[in-house]
Amino acid sequence: MTGRMMGRKKWAGFGAGLLALLLLPLLLSESHQSTVITCLLYIYLGSAWNIIGGLGKQISFGHAAFFGVGAYTSTILMLEIGVSPWIGMIAGGGVAAVAAILLGVLCFRFRLGGVYFSIATLVFAEIFRILAINAEFLRKYSDVAGGLGITIPFRSDPWNYQFAGNLPYYYIILALSAGAILSGAAVRGSRLGYSLRALGDSDESAVALGVHPGKVKIAALALSAFLVALAGTFQFQFIRYLDPNQSFSLHLSIIMVFVCLIGGFGETFGVVVGAIFIVVVRETITSLTSLMGGMNAGAVSEAIYGACLMAVAYFFPNGIVSYARARIGRAKRMRITAAGTC
Amino acid sequence: MTKLSLLFSLMTVQVVLNGILQGLVLALLGIGFNIIFGVMKFANFAHGAICVLGMYLVFLLSGRFGVPPFLAGILVIVVLFSGGYLFERFVLSGWMDRADEEMPMVLSVGLLIFIENVVLLAFGADSHLIDVPLMKRAVVLGPMYFRSSVFVAAAATLVVFIFGYLLLMKTRFGARIRAVADNKTGARIVGIRIVRVNAMAFGISVAFAGIAGTCLSMMEPFTPFRGLGLTLVSFVIVVIGGMGSIVGSLLGGLLVGVLNSLGQYMVSESMSLLVGYVFLFATLLLRPEGLLGKGKGK
Amino acid sequence: MRVEGVNKSFGGLKALSDVSFSVEEGSVLGLIGPNGAGKTTLLNVIGGVFPPERGVVTFRGKRISGRPTYEVSRMGIARTFQIPKPFRGMTIAENVYVGTFVRADGRPPAEVVSEVLDFLDMSGDAEKFPKTFSVAARKRLDLAKALAMNPRLLLLDEVMGGLNQKETQDMIELIRKISASGVTIIMVEHIMKAILALSHRIVVLNFGVKIAEGSPAAVMEDQKVIDAYLGWEDEDD
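Residue numbers (my numbering), protein chains in the order written: chain A, 1 to 342; chain B, 1 to 298; chain C, 1 to 237.
Wrong hints could be hidden among the right ones.
One-sided excerpt, in silico: chain A residues whose CB lies under 10 Å from chain B [to be verified]:
| id | residue |
| --- | --- |
| 1 | I87 |
| 2 | I90 |
| 3 | G94 |
| 4 | V98 |
| 5 | A120 |
| 6 | Q162 |
| 7 | F265 |
| 8 | Y305 |
| 9 | A307 |
Covered stretches of chain A, going by a simulated chain C footprint (3 or more residues, C-beta under 8 Å) [as the list claims (entries may be wrong)]:
| id | stretch |
| --- | --- |
| 10 | 31-42 |
| 11 | 224-233 |
With a straight-line Cα cutoff of 27 Å, these simulated DSSO-like cross-link-like pairs (lysine-lysine) come out [as the list claims (entries may be wrong)]:
| id | chain 1 | residue 1 | chain 2 | residue 2 |
| --- | --- | --- | --- | --- |
| 12 | C | K85 | A | K10 |
| 13 | A | K9 | C | K166 |
| 14 | C | K128 | A | K9 |
| 15 | B | K184 | B | K170 |
| 16 | A | K332 | C | K62 |
| 17 | C | K131 | A | K10 |
| 18 | C | K166 | C | K85 |
| 19 | C | K193 | A | K215 |
| 20 | B | K41 | C | K85 |
| 21 | A | K57 | B | K170 |
| 22 | A | K57 | C | K14 |
| 23 | A | K10 | B | K41 |
| 24 | A | K215 | A | K10 |
| 25 | C | K224 | C | K85 |
| 26 | C | K85 | A | K57 |
| 27 | C | K14 | C | K166 |
| 28 | B | K41 | A | K215 |
| 29 | A | K332 | C | K177 |
| 30 | A | K215 | A | K140 |
| 31 | A | K57 | C | K131 |
| 32 | C | K177 | C | K224 |
| 33 | B | K41 | B | K184 |
| 34 | C | K166 | B | K184 |
| 35 | C | K131 | C | K166 |
| 36 | A | K215 | C | K224 |
| 37 | C | K14 | B | K184 |
| 38 | C | K166 | C | K224 |
It is worth saying that the hints were derived from the structure and are not from the lab. Cβ coordinates follow ideal geometry from the N, Cα and C atoms, glycine included.
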């Protein structure tokens, strides 16, 4: 009942998928490997976001803040003090968790509505973005004239989290996303997970059973932030370019929301579906726009994301999963009655 | 006092005054947000994007079709109001009652992104500023210069304010809106047509965003990317001023406008936004119901 | 438990005026009165949903008024709700499981859940979802969740409402069993049969004011109560 993390069927599917993914990159070209890496990154981020946004039903539109915090913390530690990014990654996670706790304390006191939290997360991410843009001490690491991006030269250096080629990164992110999915399932089956879901279903009843809404939400947010920050470090080590307008962007935050929206809020494996969907859309648009020439592929795909967000929210106002469950339930019942009437 | 410090303080006064003028317009934007949030409990993340849409529509009408800007503004307001009214009446109406709590937010975020990128695709990323041909002359107050379009825009906003305040507080119609905002079930029992009120509120909110957009388009250069920032500013204003308080939003808007203006002058443009955001968190920390708000959030 | 001079207003409406009484450990206290008399408000004050304007509620010597609900729950006070509030996304067993979080006795949750479900005759429904349940069943679920907490004090808010004859009788038996196990009970009820069958003492509220207190027999003979009762006879379902 409550100890079980996932059904046996799902375990099997998970294992099979993992196995396939272990072998996949050996069959793919470099650029396709990059695409799959991105997809796995989205799965990772979605799983992390799901802890607070899906299970906890506190929709954060600013999770990119934690992503950027992770990336900037490990990078600054590396550039200023020479700390290995592996350690910096954990440090980044810690900083993000602390920031999350601060944000949580501000937002979850007084039982302020979830809306305040959602907007506060947006503002939160923007604050970091502005701070990063205006941070003078970072300019010296920038290659671009008067620019904001930080780059580091490539040196194959595993101790310092740099590898030649895509494969090592692939396996790192594969391990991370598998871990994230397992963590998500573990949280879902834990007291924290049940408390979050209880609060979401009926906060009056949950509170009457002794669930402390503030502590539970803050804990979920901190855990989520920690995980997202690790990915921030990963991404920088992978592409070796750090730009506040990308790391703290609304675009990135929305991807996390979108992945979980498509897959179902709180659904452990749904994020896989969501991530694949986003990547497929993006690749399709990029190919289409290059055929048509000239058009701003980025803007087109963004516009389509926006439209998809609206469509999914509008046509599945209670979530895709409950819609799917209802349909399956109805189909099952019809089969039973059909079988019974003969 | 030396001449230098006199000059300095005059500059500050000009900056502050500019801030107040802009703040009036921002307050209007904030009130628009406040109306939907209060009446329908719906946080419209696309509010800033609608404002930007208004700016670009004015740009389109006056730039490509040569319509005089203020007339274009009025057209845009009418279009936006009807659009908002119909959208709420026929698209959102039943849906919002069925939807999970977080879906309206997600929907509006989708709308924000959609509008922003469609505008980007249609008009490009360059910044524009609406020129008002009849008002090229500057308004001079002592040693301070102001563009007259700024003054006119601010004056127009003030008119809208007074009109809106009277409408909301002194008419039966306004009373109905306030009733729904206070207590939806009670309002329904008394016979108020919630759907109508919601649609009107939505329309008014969108129209206010449009008016603010029209005015802002003449005050400062705009790009398609201002949408998010304007939504956030609306929220900051509403939180600082207090949910459900028109006068609070006015005060909040003026405060934010002045802070923005001073911030731009003394530090940098992006940092000026930061001040507003920090104020938001300070408010959440110290006085979550805002300056004049009624009661706590949920 | 002691309630002293509790006052609570909502806007201009005074829901509770100087209500005071005490409850002995292990007893059953019936709380009756017409609709709007303030009974649920009183439960809410005790349960920590909101603090009283004036007055104090103490439980086993410690002040509980003004504390948030989750703290009150951790001190051993459980409640049910007039309109049942199940966790819709979870099975019955999982619903009850959440109730075990505040326990301090270290017993394995699965054991507690089976025990509670057995006690309430709901074991067969463990894997079902509350959506399929009738009102009566949902009230039992609320009760199960509350019992899983191992409470010292149980607040029942119209737990008989909407039950048929047999269900009511079953519920009376159930509450008797719970009381016998040592749990103190405060029950808000309209169903007189249940109140008279179970209560050791009764408190009567009318318009937020306590108009009577005492043994069931005494209260039923009290003229004030009879007058008020005749007055609300029409409202009774």
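Each hint tested on the structure:
no. : hint            : verdict
1   : I87             : violated, 30 Å
2   : I90             : violated, 27 Å
3   : G94             : violated, 21 Å
4   : V98             : violated, 15 Å
5   : A120            : holds, 7 Å
6   : Q162            : violated, 32 Å
7   : F265            : holds, 8 Å
8   : Y305            : holds, 6 Å
9   : A307            : holds, 5 Å
10  : 31-42           : violated (count 0)
11  : 224-233         : violated (count 0)
12  : C:K85 x A:K10   : violated, 31 Å
13  : A:K9 x C:K166   : violated, 43 Å
14  : C:K128 x A:K9   : holds, 20 Å
15  : B:K184 x B:K170 : holds, 20 Å
16  : A:K332 x C:K62  : violated, 54 Å
17  : C:K131 x A:K10  : holds, 25 Å
18  : C:K166 x C:K85  : holds, 23 Å
19  : C:K193 x A:K215 : violated, 43 Å
20  : B:K41 x C:K85   : holds, 23 Å
21  : A:K57 x B:K170  : violated, 40 Å
22  : A:K57 x C:K14   : violated, 36 Å
23  : A:K10 x B:K41   : violated, 39 Å
24  : A:K215 x A:K10  : violated, 31 Å
25  : C:K224 x C:K85  : violated, 35 Å
26  : C:K85 x A:K57   : holds, 18 Å
27  : C:K14 x C:K166  : violated, 38 Å
28  : B:K41 x A:K215  : holds, 26 Å
29  : A:K332 x C:K177 : violated, 41 Å
30  : A:K215 x A:K140 : violated, 41 Å
31  : A:K57 x C:K131  : holds, 20 Å
32  : C:K177 x C:K224 : violated, 32 Å
33  : B:K41 x B:K184  : holds, 10 Å
34  : C:K166 x B:K184 : violated, 39 Å
35  : C:K131 x C:K166 : holds, 23 Å
36  : A:K215 x C:K224 : violated, 48 Å
37  : C:K14 x B:K184  : holds, 22 Å
38  : C:K166 x C:K224 : violated, 32 Å
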